[in-house]
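A.B. asks: Turn these sequences into a full structure, and let the hints steer you where they fit.
Chains as they are written, first to last, in this note's numbering: chain V, 1 to 502; chain Z, 1 to 615; chain W, 1 to 103; chain X, 1 to 188.
Note that these hints are calculated values from the structure, not bench results.
All values derive from a computational prediction rather than experimental measurement.
Some hints here could point you the wrong way.
[Claimed, not checked] Pair by pair, the computed Cβ-Cβ distance ranges are: (1) W546/Z to E281/V: 47 to 53 angstroms; (2) L168/V to I12/W: 56 to 62 angstroms; (3) L168/V to D166/Z: 51 to 57 angstroms; (4) Q26/V to S580/Z: 46 to 52 angstroms; (5) I41/V to L43/Z: 18 to 24 angstroms; (6) E71/V to R588/Z: 54 to 60 angstroms; (7) L43/Z to Q26/V: 32 to 38 angstroms; (8) Q26/V to R588/Z: 55 to 61 angstroms; (9) A604/Z to V59/X: 34 to 40 angstroms; (10) Q26/V to V19/Z: 32 to 38 angstroms.
[As the list claims (entries may be wrong)] The list that follows gives simulated cross-link-like pairs (lysine-lysine, BS3-like), each with its CA atoms no further than 30 angstroms apart: (11) K299/V to K561/Z; (12) K451/Z to K165/Z; (13) K370/Z to K299/V; (14) K554/Z to K299/V; (15) K299/V to K536/Z; (16) K573/Z to K299/V; (17) K165/Z to K573/Z; (18) K102/W to K573/Z.
Each residue gets a CB set at the ideal place from its N, CA and C atoms; glycine is no exception.
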Amino acid sequence: MQVIGIIVSLMAGGLLAMALGPKSAQASRLAALAGLAVATILFFPLLMLAISETGSGTGAGAVWLSQISIEWIPRFGIRLLFAVDGIAVILIGLTLLLGYISLLSAWSEITKRCGFFYFCLLFTLAGVVGVFSALDLFLFFVFWEVMLIPMFLIITVWGHENRYYAALKFFIYTQASSLLMLLSMLVLVHMHWQQSGTISFSWFDLLETDTSGRLGFWLMLGFFVAFVVKLPGIPVHNWLPDAHTQAPTPGSILLAGILLKTGAYGLLRFIFPLFPEAALEFTPIAMTLGVISVLYAAKLAFAQNDIKRLIAYASISHMGFVTLGIFAWNAISLQGTLVQIVAHGLSSAGLFAIAGLIQQRTHTRALDELGGLWPQVPRLSALMMFFAIAALGLPGLGNFVGEFMILLGTFQTSPIAAVVAALGMVLAPVYALIIMQKAFFGTPSADAKSTSVDLVPHEIFMLAILVVGLIILGFWPGLLTNLSEPGMLDLMRNGLPAGQGG
Amino acid sequence: MNLLWLIPTLPFLGFTILVLSSGRMSRERARIVGVGSVALAFLATIYIATQYYAAAAHGLDHGAGFTVSLWPWITAGSLNLNFSLYLDGLSLSMLFVITGVGALIHLYASGYMWDDPDYTRFFTYMNLFVAAMLMLVLADNLVLMFLGWEGVGLCSFLLIGFWYKDPKNGYAARKAFVVTRAGDTAFAIGLFLLFRELGSLEIQEILHLAPENFEMGGNMPTLISALLLGGAVGKSAQIPLQTWLPDAMAGPTPVSALIHAATMVTAGVYLIARCHPVFLLSPIAMTMVASIGLITLLVAGFTALNQWDIKRVLAYSTMSQIGYMFLALGVEAWDSSIFHLMTHAIFKALLFLTAGSIILAMHHEQDIRKMGGLRKQLPVPFWCFLIGSACLIALPPTSGFWSKEPILLAAWEADPIFWYGAVFGAFLTAVYTTRLMLLVFFGTPEGGIPKTHEPKGWQLHPPLIILAGLSLVAGLFNLPAADVLPHAHEHHPPLWVEITGILLPVVGIFIGWQVFLKGRWQALRMESPAFDGLRKFLASGWGFDWLYDILLVKPFMALAKANRNDIVDLVPKAVVVASSQCYYFFSRGQNGQLRFYVATMAAAAIMIISLALFT
Amino acid sequence: MIDAVIIDHAFILAGILFCLGLAGVLVRRNLVFVLISLEVMLNAAGLAFIAAGSAWGQPEGQIMFLAVVTLGAAEVAVGLGLTLLLFRRFNSVDIDQLNQLKG
Amino acid sequence: MTAAFIYSLMFYFTAAIAVLATLLMITRHNAVHALLYLIISSLSMAIIFYLLGAPFAAVLEVIIYAGAVMILFVFVVMMLNLGHKSVEQEAAWLPAKGWIVPSVLAALLLIVLIAGLGEPENLRGVHLVGVKEVGISLFGPYLLVVELASFLLMAGLVGAYHLARQTTPTPKFDDSGTSTSKTQGDEA
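C.D. replies: Below is the structure:
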């Protein structure tokens, strides 16, 4: 089955890269690239299948494109259950794409211990692909941990000045919350065993459990906390700014581009379908959390002096929209969430790549030390302008389509949340344009670091992929939403409490 | 008719070519691409217009429009928007204004910006602007219009902050973007409400569904039209959100001509004209539109009187003329408001371009106190400026008269107060225009008549002459927009109303002439210290800037500075501190004295035994 | 049965002696005095065993006393050895000198 | 004056002596005085053992406690020549208010212990347990205790010997907290 092939090839690539590491950095880079290439080759049939499935256009295509289930621990009903639907295909595609981007950005930036770096990079990718395709809760948890460790290593080994603090904080936050998830997972399985007599960790069986009581609410909360920590929701978000500022550029791209999406995917896949009534009851609180994180993170982003920290808070603000979209739980807002996830993946990867390039050239991330970069590096600044505009949600680019659909969908369920979140659209340009003003416009301040080297072709190629991706998402979101249509509708039906129509 | 998609794509194509060339293209080629793309778009518009009239000729009922659907854009659940363009009389007339005036301004700009280092970048943004404006006007559904709406806002940000060396321009650009973005958010919320109520965002569908679903004067249509008005007010710089327009003058003059006079600021008027059935459903909204128009035209009139920068005077006069258009929309004089929009685009572009020539001649000096008696040195700009001002004051033969007069009459029909305000506004316009004319071209400033050098480049004068000719002749066109918008019923107000409407501007000219050239009634110039407070208040745009600064900007900045690193971050730090405190407290217990340990053992023994015994 | 009362009082006596010994240990800084008080506490414990043994009339009481005594003896021997070591190293017998292990 | 009355008189009298001796022992400043009071206290304990019908224990107490242990103590006191100057030192180390906490703790413990005693009724008086019975059970079921006792003593012996051995002069540990080891080749 392709997904297992993708995961295995990524891991193999990682191991090969590590093996070749000591010999020569170039060899390990090529090994990593080979691993990723094999994974992409295995991914294409899946994509073709998904496209053909939606070819029928009526959204009646089969939901589960390919499914495989191998016995793993029969006693507890744990199976290697990999299943991929429209949503998973898109997210795996995004992971592989951003894998390439982070590989390209690592080309010049990572010099010491390359082999080990590519090992960590590819294992994180494998973990994330596993998370998107595992439908056995236990397997999901395993991959949830697999993607955490290498990311922690990337930050600790190749990070910037106080990377230990950031990596540890990141690790503790995610680990603690995932233990909560493990606990509620086990109790859920127990509940299922009591109700149906069979022990099984598979998502399909657990769908049937009746989780309407108080216990169901607490279990949902357990899952919710784990995912909100990963998708930084406001109360538990403060690991992200530290992790981002201290992570190396490829690390930030991975972190912002993919790891945040696992939180959003988790919310989408596990909260509503498994606990419909509890989620419905929890919606107002979750919506307020979403709105607060939109506005509060936007205000904080404006106050930052470090570029990467500013972008980190910006992604928290964007992810606040995702929480809103998911808890509105109707067709428009869910498709909007998916578009927002992909668009944010691309735009924040771009922003972080450029922040990394600026740091490489001027050796500083502080906005007040930068100034007047436009005349020195026009191409870099033009691309930064593009990504800043994409981040503030200009129509015609991916972010706007996502945000608009989310707000439109949320307006159906709770108008107040949508209206207040719409204020986020006003705050977005405030923080997005501050970077342009302080770093690129204006005259270089006396002690501003000057830089002569504009973009190198391979850097332009890297950013060009993201630019094209965002434009396609902005003008032809249909390419994406058709793929995820069947999967999303089926998910939505599962997520609605019994008796409520589509 | 299916070449309609060509019109927006031509400037967009110009934009992509200029972006991809990114600096490797020479000035000449950049000029050809930049100006050529808009000129081609104008030709395409003419071609489309001929097809439109041909179709209208053999029997197609006037109101019907043509839709060209390109590809499905956003489809999810019950929402399916597709990327489709819609052409009818209204959008055709807007096309004429945008591409026609736009092409002339581009031609002028190619000469004006000749020795600017970022030549290609300038035309990249200008082409993107024209493409976005065309998309706005041709959009079939409101979300596509929103795309054009925000694209236009972005380009105005880019162009205002074009000379990015000076941080003030950057600030003005960000201010324009954020203020218009506030209006756009109101527009977006209006869209959400519309979608929830009517279930669709296609403009034509809404215009049909609205009368059926909403009852006259109900609070839903009022709310929706208020929100749409919010968007329009943001983009057209009307009262609550108008503080950005004067600062927008920081951009190059052709930008002010194209964006802040002819096209972008009229987007709000186009939106209201396009959605007039929704507005018609709620009289309250109509009066709101009219009153906002009236207040803005008066406020802008007074402020223009006290400005010393030539471009700021024109900016406030633009704000006041758009106030007239809003007033016309409010009093249901739909077609005359669009007509005024067109004529205003022409003569205001003319005024701005001539102001550009003057500034260029005066080595980038914009303060009219330093100018004077330029009529001999700059003949062409002088005559063009004269014609432009005549139209602005709405003297009878010019197009300004033909477009402003029906607005005044319609205002009288609707409500005499509107008429009195409008007429007084006309008088103010006359005074400040003559003031501008006299201070710039007549009289002698203290330092003697400044020496000016005649700007070279053939591209500068032809557009001025064409625009001057157009602004004289434009009064005679009857715009295709008329057949889309509901026909204004014939006005027949009392005779004295019409005469005062015509005579008052002449009186204004006379007063202006007396005060500013002859130096009589100096008190009126309000220069004496007694009026200092009032003059400063009026000059600052009635203190809106100061108000918003206190209300919004300062608190936000203070809040941002106060909470630079995230109080929520203190929670984990607090946990760390608490655990280290506990450690310190308990570790003091190990003080190395044996007797202390024995004592604790004894105490523990006592506790355990008593616990065992008594529980 | 006054004898029974004797046994009870014997326990009370043991308690008193034990607590006095404890007080002695707690108060003193001189290691020798601490050892002496310790002896008394051990003795008190022995008494309790003996009283119990005689109350039930079983020899185990005295056997336990034997164990206590051997323990006491061994303990004193080692304790005094340590005292000597303490004296040689610190030139004084004050327990508080030995606080290198404090937290 | 029946036998029982003499018996209980004897018991309470020796109990009182024992308590008094211990009390005085604790409060002495001079080590030798404390030792003497310890001897008195153990002798009175021996008498009580005898009264409680445990003659073997009484004899044992006298021989080992009063005898052997005391001798050890005296030896140590002599070696450390805790003579006159140590009395003032002892007085300095024992301020009056130093007694408060220990005595409170001891009193509390006493109360708790006494409260813990059960009802005296089910105790069936004093039984004489002769040496024969003890000897039989000692080398009968409790042979292991004897072996353990021997282990214990052996450990004590070896420990004491090793600790007190004077092979190399142990490093002086002055108050500055640093160990000023002057010995050469010391494995430390």
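A.B. asks: Next, verify each hint and record whether it holds.
C.D. replies: Each hint tested on the structure:
1. A hinted range of 47 to 53 angstroms holds for the C-beta pair W546/Z and E281/V, which are about 48 angstroms apart.
2. Roughly 60 angstroms separates the CB atoms of L168/V and I12/W, a value that falls within the hinted 56 to 62 angstroms.
3. A hinted range of 51 to 57 angstroms for the beta carbons of L168/V and D166/Z is inconsistent with their spacing of about 45 angstroms.
4. Distance hint check: the CB atoms of Q26/V and S580/Z are about 47 angstroms apart, consistent with the given range 46 to 52 angstroms.
5. Distance hint for I41/V and L43/Z: a CB-CB separation of about 49 angstroms, inconsistent with the stated range 18 to 24 angstroms.
6. The hinted window of 54 to 60 angstroms between E71/V and R588/Z holds, with their beta carbons roughly 57 angstroms apart.
7. One distance hint, 32 to 38 angstroms for the beta-carbon pair L43/Z and Q26/V, is violated here, with the actual separation near 55 angstroms.
8. For Q26/V and R588/Z, the hinted distance range of 55 to 61 angstroms is satisfied, since their beta carbons lie about 58 angstroms from each other.
9. Hint check: A604/Z to V59/X, Cβ distance near 37 angstroms, so the stated range 34 to 40 angstroms holds.
10. Taking 32 to 38 angstroms as the suggested C-beta distance range, the pair Q26/V and V19/Z conforms, at roughly 34 angstroms.
11. Taking the CA atoms of K299/V and K561/Z, the gap is near 10 angstroms; set against the 30 angstroms cutoff, the hint holds.
12. For the proposed pair K451/Z and K165/Z, the alpha carbon gap of about 28 angstroms is at most 30 angstroms, so the pair holds.
13. About 44 angstroms separates the Cα atoms of K370/Z and K299/V, which puts this hinted pair outside 30 angstroms; it is violated.
14. In summary, the hint linking K554/Z to K299/V is supported, as the alpha carbons are separated by about 13 angstroms, within the 30 angstroms threshold.
15. At roughly 34 angstroms between alpha-carbon atoms, K299/V and K536/Z are farther apart than 30 angstroms, so this suggested pair is violated.
16. Proximity of K573/Z to K299/V is assessed by CA-CA distance (about 22 angstroms); at most 30 angstroms being required, the pair is judged to hold.
17. Under the criterion of a C-alpha separation no larger than 30 angstroms, the hint pairing K165/Z with K573/Z is inconsistent with the structure, at around 42 angstroms.
18. Between K102/W and K573/Z the CA atoms are separated by roughly 29 angstroms; this keeps the pair inside 30 angstroms, and the hint holds.
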